[in-house]
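Work the whole structure out from these sequences, hints included.
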Amino acid sequence: MNALIIFVLLLTLMLTGMPISISLGLTVLTFLFTMTTVPIESVALKLFTGIEKFEIMAIPFFILAGNFLTHGGVARRMINFASSMVGHWHGGLALAGVMACALFAAVSGSSPATVVAIGSIILPAMVRQGYPKRFGAGVITTSGALGILIPPSIVMVMYSVTTNTSVGKLFMAGVVPGLMLAFLLGLTTWYLARKHGYPRMAKASWGERWATFRKSAWGLLLIVIVMGGIYSGMFTPTEAAAVSAVYAFVIAVFVYKDLKLRQVGKVLLDSAAMSAMLLYIITNAVLFSFLMTSENIPQMMAEWITGQGLGVITFLLVVNILLLLAGNVMEPSSIVLIMAPILFPVAMKLGIDPIHFGILIVVNMEVGMCHPPVGLNLYVASGITKMGITELTIAVWPWLLTMLAFLVAITYIPQISLWLPNLIYS
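Numbering (our numbering), first residue to last: 1 to 426.
To be clear, the hints were calculated from the coordinates, so they are not data collected in a lab. Note that beta-carbon positions come from the ideal geometry of N, C-alpha and C, so glycine has one too. Among these hints, one or two may not hold up.
Computed beta-carbon distance windows for the label pairs [claimed, not checked]: (1) 269 with 351: 43 to 51 Å; (2) 348 with 415: 17 to 25 Å; (3) 41 with 405: 47 to 55 Å; (4) 124 with 88: 19 to 27 Å; (5) 404 with 41: 22 to 30 Å.
Here are the simulated BS3-like pairs of lysine-lysine, each with C-alpha atoms no more than 25 Å apart in a straight line [claimed, not checked]: (6) 133 with 386; (7) 133 with 215; (8) 386 with 349; (9) 203 with 215.
Set out below in structure tokens:
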């Protein structure tokens, strides 16, 4: 009964158009002060101790690094490199967009940042080359979602904080699925481009490829520094985030010189605003998790599900449907912070690997970012392309179907996620 009251209250507040973070906070406070005897001091204490985790510091640093790279011309150089490698195939510039999104995802950790950085440069170029605007928008909107699957990923950090799972293992688990999804999105793009006879670019010589690689090398080196540093044991994922922020600042301001020193203040302010928003959501989600635990709701749900005789296959299907439905009304960080504490205990009781479960949730979040009504990537792409959400929704369908098929594979073939972390950490 208490669980029903909590979720009805939360849903009602969200339907009024209230921001998710405030809806969470109000739900918790209303329930605690009217239906329980929990002292107000413990609520205040939970607000502070909830975000007193070392891993959370990675979030503002990765946001800052992503913002420096978005403003610092790194994306343009990555697009030039990708174009020189795959531009001569069918739909060359679109394929370069997919490849550039995968490369930029590996340094930014954010899907909207990837869509903005790559899309704002490559979409006008695609239209000039004769691609339909709708095709270009579909490619970039869905490929930008790689930002939360290819490590480093802000969403993975949030899952780690919520469930006490290793960030390093999650990052490593995202590598193979991230590369697989990039390949599948590229394959879909190539097939459609070949079918409709979209333009190709002249084949670049190896000299031209080397020149574009050399120019983009400073940005690509960040992937080596972050991932290599974590897995060699030189620094933790949080320290890697701090190193990436400093490195991104140096290459944007002093190496590429695309970002002027006077613009650094604005980048810092933008990053601080985005970090504050995410930390506010995390704080309220921690309170919500505290309420759920104090009311014993996850444990009761776990017992009910196991009592129904739901096996792993059926449970994972239910989780996917639930997360895809949640993706209709919430953005990824909120879904992870609300759903993970509820679903995680059930998954553990059924013997599902916590790393595999984390990647499954992240892939669901990717799909959610590309479909209406609140697909974050759709809104970002809409701002770049000046296309309506309905038109964009139609545009992304071929790639969205590819992502859904990939989600099924990730759900029921755990080794896709677990092979690399098991190899590294065995």
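Checked against the structure, which of the hints given earlier come out wrong?
Those not satisfied are hints 5, 7 and 8.
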